[in-house]
Amino acid sequence: MVSPGALRVVRCGGGAQRGARAVYLLYASGDFVKVHSVNTEETLRLLCGHADLVTDIQLNPHNHMQLYSSSLDGTIKLWDFMDGIPIKTFTVGSKLLALYALAGAEDSVFVVIPKKGERDTFQLVSVKLTKGAGQDLEGKELSVVLDGVGASPKQIAFGREDSYVVSVKDVNLQVYFFKRKLLNRFSLSAAKTKGGDNRFSCVVCHPTEDCIATGHADGKIRLWRNFHHKKAYTYSALHWHHDIVMDLAYSLEGTRLLSGGVESVLVQWHNESSCQKDFLPRLGSPIDCISMSSDGVLCCTLHTDNRISIINSNLRFSRSIQGLIKSRDVKTGLVVDPRTKALVLNGEPGHLQFYSLQSDQQLFSLDIVQRQYIHQAGLKQSDLVKVAFSARGTWLATVEESEEVADPELQLKLWFYSEETQSFALNTRINTPHDNHITDMCFRDMDELGDDSLILVTTGRDCVFKVWVMVEDSDPEAHQSVSWSCDFVGSYHNYQATNCCFSEDGSLLAVSFEETVTVWDSLTWDLKCTFCHPPGNIRNICFGRLTCSKYLIGATDYGFLCCWNLLTCALEWSAHLNVVVLQPDPLSEHIAAVSWLSKESSLFVFKPSEPWPVYIQRNLCKEKILLAAFVPRDEPEMISSEKYLWLRKSQLFFLTDTQELMTLSTKSLEERLTPSSKQLAVEESLPVTPFSVLLGKHRRQQAQEDTDLGKPVVHSKQEQASPAVKELLHTPAHVLPSASFLCTIFINSLLISKENKSAEEVADEVEMESEKADDESDEEDVTAMEEEDTSHVELLGEMTSKLSKSQEKELRKIRKMDYSWISAF
Amino acid sequence: MGEFEVHRVRFFGLVPAGVRCLACHPRGTRLALARTDGAVEVYNFAANYFQEKVIPGHEARSVESLCWAAGDRLFGAGLGGDITEYDLAGLSAARGLDGGGGPIWSMVANSTGTQLAIGCEDGSVKIFQVVPGGIQFERNLDRRKGRVLCLSWHPSDTHIVAGSIDFFRVIDVTSGQTVQRVMVNHHVEKARRECVVWAIALLSSGTVVSADSFGRVQFWDWEQGTLAESHTVSTSAVLSLAVSQKEDSMIVGTSTGATYHLQLLPVRLGGLEKRWVRTKPFQFHSHDVRAVAHSPTALISGGLDAQLVIRPLMEKVQKKGYDAVLRKFTFPHRRLVSCARKARLLLFQFSQYLELWRLGSTEETGKDGEVLPLCRMPEHLVQLKSKGPEHIYCSCVSPCGTWLGYSTASRFQLYRVRCDGDGVSLRKV
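Protein chains in written order, with full-length UniProt numbering: chain A, 1 to 825; chain B, 1 to 429.
Check before you lean on any hint, since a few could be wrong.
Claimed, not checked - Estimated spans, in silico, between C-beta atoms of each pair:
| id | chain 1 | residue 1 | chain 2 | residue 2 | range |
| --- | --- | --- | --- | --- | --- |
| 1 | B | E247 | A | H62 | 56 to 64 Å |
| 2 | B | S156 | A | K230 | 51 to 59 Å |
| 3 | B | L272 | A | N172 | 30 to 38 Å |
| 4 | B | V15 | A | V405 | 54 to 62 Å |
| 5 | A | A191 | B | E138 | 54 to 62 Å |
| 6 | A | F317 | B | K328 | 44 to 52 Å |
| 7 | A | S251 | B | G206 | 30 to 38 Å |
| 8 | A | K194 | B | F12 | 27 to 35 Å |
| 9 | A | S402 | B | K328 | 28 to 36 Å |
| 10 | B | R193 | A | F317 | 43 to 51 Å |
| 11 | A | S251 | B | F12 | 53 to 61 Å |
| 12 | A | A237 | B | C400 | 26 to 34 Å |
Source of the hints: derived by calculation from the structure; they are not laboratory data.
Glycine included, C-beta positions come from ideal geometry on N, C-alpha and C.
Given the sequences, and given the hints that come with them, work out the whole structure.
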C-alpha cells in the first residue's frame, strides 16, 4: 500500500554497451532500479521486485544486457533490463551491502554481508550462483574472502584481470591475491598531523596496470604500487581536494583518473601526474559517486542532492537527471503549486524546487535567495524557510532567514507569476518583516473574489501577527502597479504567535499563540473568540472544509487533538493523539493526521464532524514523517472500497526525516512510463540490419499516419500537451515522414474548424440555459462532443487521400532499392 | 644537583654555509660534502654518521663538484678553474691543477676511478688521468658552445653525457666525437625561456635522465634521441639528481626545497615491463636542494639551508636499528664556541673572524624555569679578523680569559687579552 517515491539514489552503474555508444544508464533508487535512456533523457524502465533498499547494481560481465542487483532484503536478482524482467533471484539470507560481479568468475559473485555475531563488522564473501531451472534459487554457498571490510561499495575494488581484491577501512588497506592466496596489509598512521587525515574513503584499481588509487579524508589521493611486497611497496600522492575525496574512477584505459568531493568539482588527473589536471567546476552539489560507462565515452557523477550529471569524455557537462532534489533541511514544508500541481519545497540551497509528481522530474528551480552558495562548514548561509502560494498560484510569498540564531536576517519576498515569461518575478521585498523568526504564513484562499481580496498573514516569534495587503502604487514612475505593505498588526497577551490559518470562506483567521487559539474577523480584525486546551502549546491548527467548515481543529504538543465548534464556541470532541502533521484535504472534508509514537508513524484520516477516524493506517513507516501534502488528482479516481474513498479526489504524499517521499495508493505498483517511451525502447532494442530498416520504415510510417490521423481529434479537446503532439515530439526524427509532409497535418491540427467552434458555442449556450438542471446539460454536452468528433472525421477524410499518394511514391522508391539489394543475396 | 645559571646566548650570529655538492663513496661508507664557503666535510656512515673530517674553506677556492676516485682519494673542482686533491690525512688541499677551460661546473669520475671528466665554462669536456701523486691531463673531447653544467659517465665508461643550457649531448669517449645532441626545450610553450639542464644521468640501458629548470625529469633514448617519458615533478626548477647503483631508484631535488623519489616499478606484478614512477615527495628543506646523493640504503639531500638530511629507505634496511632513523644535520658538528670559565668570556669562531663576548650577569636567584633579570647585559668585547684568504680551522680561549689563539691551514696565532675597565686590548704574541 505504501510506495516510496523516487528518492535516495544509491549507486549508478555504467551504461550498457550497444554498438559503440553507451545507451542506457542504470541506477538504483530506493527499492527500484531505473533504466534511463541517455539519448532521450527518459526513464525507460523501473525494475521493481526487491523488498528493501537496493544497495548495489552491476552489469553481468558475460552478458551486457543483464544486470545483477543486490538488496538489503538478502536477495541477488538477475535482470534482463531491456525488457524489465527478473530472470533469476538468488536468496542469500543476510543483508547485502555491496555487490561485485567479475568477468573471471562465471558462476559466483562477491557480496559484502555483516559478520554474524558482531556488530558493525562486515566481510566480503563469494556467493556461488547455482544453476537451476527455476526462477527462485538459493545462494547459500558462501566462502569468506576478506574480513573486516567497509560497508560501503566504494571501499572494495577488484584489480586488473580480477587477480586481486583491495579493501580499505579507516587507515588500513588490505590486498588479497587470489592465485597466490596472499594477504598483504598496509596501514597509514592514524595520527592527524598538520591537518592531514589519513583515513581511507574510497578505492579503485587501475584497469590495465597494477596500481591502486585510494581517496582519503583529507583530500589526498594515493597511488599504490608494488604492493605485492610487504616492505618495498610504495605510493605517491596527488593533492587537490581540500576535503574528503568521495569517489574515484579510472578511465577505460587507465590514463585518466577522475576524482570528486564536496567541492562539487570533478577533477581529471592525467597520467598520474600532479601537474596535469583538468577541472569541471560548478556541478552544483557535492559529488558522491563517479561511474564510467563501459565504452568509456561517458561518465556520470551522482551528487549528494540526488542528481545525476552525465559528462562527456572531454569533460563537458552533457545533461543531468534530477528527480526530487535532496536539500539539507526541508524547512518550507510540502506545498502544492496550484498552477502546475507540482510539489514545491526547498531544493538547492536558496532555491525553491518545483517537482512534478507525474513525471518524477524537476520542473524548474527558482532562485529565491539569489546569493552564491559556498560549501564551507560553519559558514552562516541564508536559506529559505517558508513558502506560500495564493489560491490560483499567481502570488508566491517566501521567507528567507540567515542561520544565525540570535539575530536572523529576515526577508519576506512576494513574487508575481508573469504569464508572458512563464515564471515568477519579484514584486515586493520586505526587509525584517518581523523582529524574530517567522513561524507561519498563509494567504487568504478565495478563488471567487479575485486578487483584490488577497491577504497575507505572517506570524512571528516577536509575539505579533501581521497582515499584508496589496496597495496600488501611486508613484507613476514605478514599474509595477501594485506592491505589498503591512495593514494590521495583532497580538495576544504578548505570547509568541505560532500558527495561522484562514477559514475556507476567508472570513475568519485563526492564529495560535502558544497555548491559545484566537479567532479574528478578517474584515474588521476584531478578536472573536479564543480556545484553549491546556496544558501544552498548540502545534497545528486548521479549519474544516465544505460541510465541516464550522469546525476548527487543533493539535497540542501534549498529545491532544481537539475539535472546536465555531458556532457554539465549545469543544466538540478531543482525542489523545500525538499529532506531528495535520493536513486538510483542499477538495474534501477529510483531514489527515500523522502521529509519531514509539518509533513508528501512523496515519489517521477523519472528518471533523465525527470524532472517530475514517481510516487508520498503523505503522505507516519506521521513519518519522515530518511533512504531508494532499495533491489534487487530475481526474477523480474510481475507488471501489469505501475505506479508501477519501483518496478519491486527491493523493496524500509524505516526506520522512530521511527525505523519502511516500504516497498512499490503492493499486499495486503501476508503471509510470508512457506507452510511447516503451515503444521507443523496443525500437532501440531491435537489431539494426538494412532489411529491418527498410521494413521498419514502411511499417512505422503507417503506424505514424495512424497516430497522426487520431491526433487532431484529441487535440481539439485538450489545448496543449495532448498525447498526440507528445507522440510526435517523442518519435525519433529518423522515423518521421518529411517535415513538409508533416507540416500541413500539424497546422491543421492547430486550427479550430468552423463547425467545431459553432458546436462549442452551442454547447455554451446550452450550459447557460440549463444551469439548474444539471443532468440535462450533461446530456447536451455529450451530444456536442459527438458532433465535434464527426466533424473532424469529415475534415480528415481529405487528408487521408493526400497521405496515401505521397506514401505510394515513397513505397515505390523503397521497392526499387529493396529488390536490387535482395537479389544480390 | 647543584644550582646552575643558564645563559641564553642569542648573540652568536653564525650563518652556516649551504650544502653545494655531495659525493657518496662508491662503497657507500663515506660521504663527502662541500659547502658554499668552500669547506669540505667527510662523514663516515660506518661510525654512526660521524663527521670525520673537516677541511675549512679558502677565499679563492669554491667547490662546485666533488668526486671520489682511485680508492679513497677525494678530488674537488670549482669555479676557480682548478682541480684540487684533498689530503684527507693532513686535512688540507694537497695539490691543485688548472683545468685550462675556465670555471669548472662539474666533475665526475668513471666507474673504475681512473679517469676524471670535467665540464668547463667554455663548453669543453676534458679527461684527466688519475695517477699516483696527482692527476694528469689526458685529452680534450668535442667542444661545443655553451657551458657544461653537468656530466655523467656510462657505467661501461664508453660514453659521457654532458648537459648544457637548452640541450645535452652524448660524447663517445674513445673518438671524442659528439654522437647525439638533443634539444630539451621542445614542446614547451614557454620555450623562449632558456631551459637549463641542471643534472643528468646516463643509465646502463642507454637511457639519459635529464633534470631541467622547467621542473621536468625526462627520460631519453640516447641512440634515437627520442623522449621516452617526461615527469613534471615540480613547478620550479629541478636542480639535482642522483641514481642508485642498481638503477631502480633515484632522487631529485628542486628549488622549492622538496625532494622527490622516483622508482622503477613493474607495470604489472611479476611482469617484465617496468616504468619510472614518481612516488614519494619529501619536504625536508626550506631552500634550494642543490645536492642529492643515493646511497644503497638511503636518500641523502643537502640544501642551501645548510641541512644535510639522510632518509633511509625502509624497505632496504634489514633490521630496525640506528640505520633506520631519519637524520638531519642542522647544527655544525664542530666546536665553534670556546668558553673562559673564570673570566666569563665566550669566544665564537666564524669562518674569517673571531668574536669575544662577556656574558651577562645577575644578582638575583629564582626557582627553576624562572627568567632572572640581568643587571649587566652581555657585552661584545672584541672582533678579531684573521689575515689572508684561508678560513679559520680552530680557535680557543684560556680559562682565565687572557690568552686567545686560532689557527688556519698554514699559521697559528696567539694573542694576549688585557681587560682594563671598559677597554679591551689585544696584543699579538
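- Message: Of all the hints numbered above, which does this structure not satisfy? Sort the numbers upward.
- Response: Structure breaks hints 1, 2, 9, 10, 12.
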